[in-house]
Each structure stands twice: as structure tokens, then as C-alpha cells.
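Those protein sequences? They're chains A and B, same order as listed.
First residue of the first sequence: 1, per my numbering; consecutive thereafter.
First residue of the second sequence: 1001, per my numbering; consecutive thereafter.
Treat the hints with caution; some may be incorrect.
Claimed, not checked - Listed below are the simulated EDC-like cross-link pairs for lysine to aspartate or glutamate, each with C-alpha atoms no more than 20 Å apart in a straight line:
#  : chain 1 : residue 1 : chain 2 : residue 2
1  : B       : K1163     : B       : E1051
2  : B       : K1189     : B       : D1230
3  : A       : K139      : B       : E1133
4  : B       : K1163     : B       : D1242
5  : A       : K106      : A       : E4
6  : A       : K106      : B       : D1230
7  : A       : K139      : B       : D1037
8  : B       : K1144     : B       : E1133
9  : A       : K139      : B       : D1152
10 : B       : K1189     : B       : D1148
11 : B       : K1189     : B       : E1232
12 : B       : K1158     : B       : D1117
13 : A       : K139      : B       : E1232
14 : B       : K1163     : B       : D1148
15 : B       : K1144     : B       : E1060
To be verified - One-sided excerpt, in silico: chain A residues whose CB lies under 8 Å from chain B:
#  : residue
16 : V8
17 : P11
18 : S18
19 : N26
20 : Q35
21 : L113
22 : L120
23 : E170
To be clear, the hints were calculated from the coordinates, so they are not data collected in a lab.
Ideal Cβ positions, reconstructed from N, Cα and C, are used throughout, including at glycine.
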Amino acid sequence: MSAEFEAVVLPHLDAAYSLARYLTRNPADAEDVVQEAVLRAATYFGGFRGANPRAWLLQIVRNTAYASRALVRGAVTVALPGDETGAPTAPELIDRGDDPETALRKREDHARLARLLAALPVELRETLVLREIEELSYKEIAEITQAPIGTVMSRLWRARHMLAAAVQAEEGR
Amino acid sequence: MACENVLLVQAEFDGELDAADALRAAQHRQGCAECRDAYAQLAATHALLRESAPRHQAPESLRRALRSGLNVTQGAKGAATRPGRWLREAASFGLGAALAAAIALVVVNPAQETLLDQVVASHVRALQPGHLEDVVSTDQHTVKPWFDGRIDFAPPVKDLAAKQFPLLGGRLDYLDNRPVAALVYGSDKHLIDLYVWPGADKPMPQTAARNGYNAVHWSENGMDFWAVSDLEPGKLNDFVRDWRAAG
């Protein structure tokens, strides 16, 4: 079973970890959540007949994150200005040809956006991340977040609106 | 603030509407300044996220933890389900190093898994993006020296491009409790991993299959070889034959 399970699940490990990072807002908790989610997935795998292993795994990751204390802990963790939440993953996005100034500005952009995303309420944040970063359909997001499609649409709208407003507020000051 | 049609416009932006509804949404936007602004805002936010939202990749430590966790779970049902967390919690409760070492032993001790399972699982893992080759080169004179100092033996590296099995690169892997050399070859759209390490396990080639992957195992010149691929068995045997015949 192990090799078949790995072949189905491991290609979506980055997506699983990314969602866990955005949910927990912290690398150590994200690792714990994904580790537990994958082991749960291995337990349920015998019953998995779906055509969409990514959505299936992300749903387990999301349920695991909600069941853990990580979301509560994350809620009291306040990101400090200049906190490089997004920094460790930023390098792969930065072109090697960038001069130091451009690279620095990109790092700051990543860190700022990570901070603004982290400040969104979790149900808005997960909906936005699943749509804009994982590029999932409304239907898949509805399955993963166990919400009606109408709720997905209104959460998505509020998430985008709040993020845009926060960006404008930062730029205007 | 928003027009009641704003969610329709958002669905249009997200490509969620069929052609008729998309046309209806686009027509509505022409006459509604609020929805035109909303659409522009959606595009700006989308561009910003595309440009600057952090993309998180699963760290190597997680992949390693999962690897041992899955093996342990399989071998001893639930005996140690979460090695990573166990170790961290053991440390945080201030338990002695001896206990931590004892747990680590349980975790590291390989489950009852045959070498064939290990080889196939390693091949599947290697197919994940970014895990296939550590040294990317079709030149055997680049690949062979790359292993110097990384392992305590010199694996034979041959290019079989003339036989339609081009060398693609190499990497280090870990099998049978030791570091091994993995050479990566291509065959049309398929990939072949050739694992090499010192030993003399099987003088004659033996074939095996597991989960749709085929493997051939043989020994020569004091080295053990495992060739693994999703190639059909006949083609994989051709590869082994050509590889052994090549100088």
C-alpha cells in the first residue's frame, strides 16, 4: 500500500504544507499538522476512490488544523513589523538575475503580504488561499471548507476586499 | 457599498460562469460603475497575490519524518505514529537523552520491509519534483566525479544514449541502511533509476515487480545493482543487457 499511497498523495505535499502554513501561520505547527494529516490520510486511504486526491488531502489537512490547537495558538501570535514570515520561501520566487535592491524590495513585498494575509480571519484566509494560490474551483473549495458555494463566494469577496483595503491603508500611510 | 451583482462579476472574473452568464455579467459591468471598479480591484488583488504571496514548499525535514512515520506505522501498527512530534515533546518535557535515544531507535529501526519495497518506494519518491537528480548532466565524466567524496565507493557510470537510454544525471539515496548512488536514465517518456552500492548479492539478474513498477537486480564487479522503472519488463531487461554490455 505504501508505494501506491505515496504515488497518490506525495505529489500534493507542497499544496498540503502551503495550506497548513497559511492556516497555522507558523512552520512548526504546519509541519505537525501535515504530518498528522498524512498519517490520517494513510489510514483512510483504503476507502479513497475519488478522482481528486489534492482536494481530498487538503480537506484532511484543513480538518486536522482545525482540530489541533494550532489555530488558537496562532491567533494570539502577533506578527511584528519586519517579521519575515514569508522570507524563507521567498528566494525561489526571486530571479537570480535580480540586483540586491530589487531582491530586497521583493523580500519586503513578500513579508508584507504574508503579514496582511495572516491578519485575515481564518475562514476568509483559507478561502482566498485555496482560490488564488491553489487555483481551485468554487466547488472544490466548498468541499474542502465544508461550506455552501454561496458562502464560498461571499467569503472570497470579503477576503479580497479586506486584503485590498489593508494594502491601500499601508500604502497610504 | 457593493452592487447586488458583485458576486456574479466575481464569478465571471474567476472563470466560474458558463458563456451565457459570463456575457450577462460583462454586459452588466458596462452599465455599472461599481462593478467596473470591483472587476478592476479583483484583477489588481489577483496580480498582487500572484506576484508577492509566499509560496510554501514542504521542507525536507517533513518529507523525512513522513517517510519514517509511514514505514513505522506500517510495520508496527500505531506503535509510533508521529515520530517528529514525539521527539519534540519528549525534549520539551525535559526527558533524558537516554529516553530520546530509545525513542529514536524505535523510529529509525526499519519496519519489516523488503529491499524491493525500499527500492520501489525510493524510486517513487525520486519522481517528485526536484528530487530526481542532484547532479544534472548527460556527461558520464561529470556525473562520475560528482560522487567523489560523497560516498565511499566509485560507482560505474555509463552513458547509453546510443542505445536510446540517455544518462540524465545522478543523486545520492539511502537504501538498506547505507548511502547509495542512484543514476538516472531516460527511455522515451519513462525514467529508470539505477541504484548501485558495494556488494555481491545476486550474480545473475533477477526480475521483480511491485505496484506496477518493475525491477531488475544483479551483481557484478563487487557491486549490487537495482534498476527500477515503470517501463515494461522486456524494455527494462533491454536496458540491463545494454548497460552490462557497455564498456
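These are the hints, each one checked on the structure:
For the suggested pair K1163 of chain B and E1051 of chain B, the alpha carbons sit about 44 Å apart, so the restraint of at most 20 Å is broken. Proposed proximity of K1189 of chain B and D1230 of chain B is supported: the alpha carbons are some 10 Å apart, at most 20 Å. A threshold of 20 Å between alpha carbons decides the hint, and for K139 of chain A with E1133 of chain B the separation of about 37 Å lies outside it, so the pair is violated. Restraint check: the Cα-Cα separation between K1163 of chain B and D1242 of chain B comes to about 7 Å, which is no more than 20 Å; the hinted pair holds.
Pair hint K106 of chain A plus E4 of chain A does not hold up; C-alpha atoms about 40 Å apart against a cutoff of 20 Å. Taking the CA atoms of K106 of chain A and D1230 of chain B, the gap is about 42 Å. The hint is violated against a cut of 20 Å. In summary, the hint linking K139 of chain A to D1037 of chain B is not supported, as the alpha carbons are separated by about 26 Å, beyond the 20 Å threshold. Note on K1144 of chain B and E1133 of chain B: the hinted pairing holds, with a Cα-Cα distance of about 13 Å set against a maximum of 20 Å.
For the proposed pair K139 of chain A and D1152 of chain B, the alpha carbon gap of about 53 Å is over 20 Å, so the pair is violated. A distance of roughly 30 Å separates the Cα atoms of K1189 of chain B and D1148 of chain B; the hinted pair therefore is violated under the 20 Å criterion. For the proposed pair K1189 of chain B and E1232 of chain B, the alpha carbon gap of about 13 Å is at most 20 Å, so the pair holds. Among the hinted pairs, K1158 of chain B with D1117 of chain B is inconsistent with the structure: their alpha-carbon atoms are about 26 Å apart, more than 20 Å.
For the hint linking K139 of chain A to E1232 of chain B, the alpha-carbon distance of about 38 Å lies beyond 20 Å, and the restraint is violated. Taken as a hint, the K1163 of chain B and D1148 of chain B pair is broken in the structure, with Cα atoms around 27 Å apart against an allowance of 20 Å. With a C-alpha separation of about 25 Å, the suggested pairing of K1144 of chain B with E1060 of chain B is violated against the 20 Å cut-off. The beta carbon of V8 of chain A comes no nearer than 10 Å to any beta carbon in chain B, farther than 8 Å, and the hint placing it at the interface is violated.
Taking 8 Å as the C-beta contact cut-off toward chain B, the hint placing P11 of chain A at the interface holds, the least distance being around 7 Å. For the restraint placing S18 of chain A at the interface with chain B, the shortest Cβ-Cβ distance is roughly 4 Å, inside the 8 Å limit, so the hint holds. Proximity of N26 of chain A to chain B is violated relative to the hint, the smallest CB-CB distance being about 11 Å (cut-off 8 Å). Below 8 Å, beta-carbon pairs count as interface contacts, and Q35 of chain A has one with chain B at about 6 Å; its hint therefore holds.
For L113 of chain A, the interface hint holds, since its Cβ comes within 8 Å of a Cβ in chain B; the closest pair sits about 4 Å apart. Proximity of L120 of chain A to chain B is violated relative to the hint, the smallest CB-CB distance being about 12 Å (cut-off 8 Å). For E170 of chain A, the shortest C-beta to C-beta distance to chain B is roughly 12 Å, which exceeds 8 Å, and the interface hint is violated.
Violated hints, listed in ascending order, are 1, 3, 5, 6, 7, 9, 10, 12, 13, 14, 15, 16, 19, 22, 23; each of the other numbered hints is respected by the structure.
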